[in-house]
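> So the protein sequences, as listed, match chains A and B. Residues 2 to 171, numbered by the working numbering, are exactly what the first sequence covers, in order. Residues 44 to 151, numbered by the working numbering, are exactly what the second sequence covers, in order.
No wet-lab data here; the hints were simulated from the structure. Keep in mind that the hints are not guaranteed to be accurate.
Cβ pair distances, simulated, as ranges [as the list claims (entries may be wrong)]:
| hint | chain 1 | residue 1 | chain 2 | residue 2 | range |
| --- | --- | --- | --- | --- | --- |
| 1 | B | Pro93 | A | Arg145 | 18 to 26 Å |
| 2 | A | Tyr123 | B | Ser76 | 41 to 49 Å |
| 3 | A | Arg165 | B | Thr150 | 30 to 38 Å |
| 4 | B | Leu64 | A | Pro141 | 30 to 38 Å |
| 5 | B | Thr150 | A | Ala129 | 47 to 55 Å |
| 6 | A | Arg80 | B | Arg146 | 18 to 26 Å |
| 7 | B | Pro93 | A | Arg89 | 24 to 32 Å |
Heads up, the beta-carbon is just placed ideally off N, CA and C, and yes, glycines get one too.
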Amino acid sequence: MTGRQNWQTAFLNQARIDWDAYQKTRRGMWPECHQLLFLQMASEKLAKALLVAGHSSLEAITQSHAAFVKFMHIASNNRKLQRAFSMRKSQQRAQFKSLLPLAYEIELLAPALAQRGPNPEYPWEDAAGNILTPANYPFPLVIRLRQTPQGLQLLKYIEIFLNRFEELFL
Amino acid sequence: MSQNYNIFSAAESLIQEHFELEPNLESVIWINSDKTTEIRLLEINSMTFPAGAVLSFYFPPDEEFPYPTIMAEITPEEWQKVLRNEIPLPEGWTLENFKVYSREMVTV
Numbered sequence: 002m003t004g005r006q007n008w009q010t011a012f013l014n015q016a017r018i019d020w021d022a023y024q025k026t027r028r029g030m031w032p033e034c035h036q037l038l039f040l041q042m043a044s045e046k047l048a049k050a051l052l053v054a055g056h057s058s059l060e061a062i063t064q065s066h067a068a069f070v071k072f073m074h075i076a077s078n079n080r081k082l083q084r085a086f087s088m089r090k091s092q093q094r095a096q097f098k099s100l101l102p103l104a105y106e107i108e109l110l111a112p113a114l115a116q117r118g119p120n121p122e123y124p125w126e127d128a129a130g131n132i133l134t135p136a137n138y139p140f141p142l143v144i145r146l147r148q149t150p151q152g153l154q155l156l157k158y159i160e161i162f163l164n165r166f167e168e169l170f171l
Numbered sequence: 044m045s046q047n048y049n050i051f052s053a054a055e056s057l058i059q060e061h062f063e064l065e066p067n068l069e070s071v072i073w074i075n076s077d078k079t080t081e082i083r084l085l086e087i088n089s090m091t092f093p094a095g096a097v098l099s100f101y102f103p104p105d106e107e108f109p110y111p112t113i114m115a116e117i118t119p120e121e122w123q124k125v126l127r128n129e130i131p132l133p134e135g136w137t138l139e140n141f142k143v144y145s146r147e148m149v150t151v
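My request is simple: use the sequences and hints to build the entire structure.
Okay, structure coming up:
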């Protein structure tokens, strides 16, 4: 196994563990911030598991948090996905495109990208000067993920990609 | 039919397909187009989210498309930064041998 393959396995394993944690926090009485924290981490590492197979430097991959949206957009070109889901390329592309706004919201949960705004890890100050805590903040994204067709579809895809990564992407 | 011809045809049909499917695609750069073993595409899309880096994804060959393909998508502003060496290309990629495809070139 090459160094890159070892990195890929490591990212994928961690993404799967993060996804398991997300599922547990959804089922239990965990605060929404912890649910979103694990979801953001799982999605970022899923993207990086595919990225390390490309030619980007490990430095660029590990330092960037903006990987999941790229992954979702580029994945719409994947022929194995088209076959697995019996979709034409144009259908798949259109469907994935409809999921990108929510994917972007998940990506922006990373504190490095949140620009001192809502994120599931650290307190922040809003425009009125109020200091807000993730534990008490009602993240609207949670509702959009649970109650919109795009949210449910995006979560389903993340689960499928993690469970069938080797079949679909390697 | 030579191998070069095959990869050339495959790359151009892939590029054409992407222009047909993606209305916001401004241009496609076929990086190191002299390579005969894989296709490296840099897609310039005005509607993609800037990442500040060229993040490239690998697609393995299959029976339908027998060439490994590595694709990255960046904004027009990021492309200008690549040209000014402010954003590095992925490892092994260079601007020594590349072709630029516009929508007008590949669609009738």
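> CB of A:Arg165 to CB of B:Thr150, is that within 30 to 38 Å?
Between A:Arg165 and B:Thr150, where Cβ atoms are some 34 Å apart, the hint holds.
> Assuming the hint says 18 to 26 Å, is it satisfied by the Cβ distance from A:Arg80 to B:Arg146 or not?
holds (23 Å)
> Starting from the hint 30 to 38 Å, judge whether the C-beta atoms of B:Leu64 and A:Pro141 obey it.
Given about 31 Å between the Cβ atoms, the range holds.
> Taking the beta carbons of B:Thr150 and A:Ala129, is their distance inside 47 to 55 Å?
holds (50 Å)
> That 24 to 32 Å hint for B:Pro93 and A:Arg89 (C-beta), does it hold up?
holds (29 Å)
> Check the following: the C-beta atoms of A:Tyr123 and B:Ser76 are separated by a distance inside 41 to 49 Å.
holds (46 Å)
> If you check the beta carbons of B:Pro93 and A:Arg145, does the distance land in 18 to 26 Å?
holds (23 Å)
In summary, the structure agrees with every hint in the numbered list given earlier.
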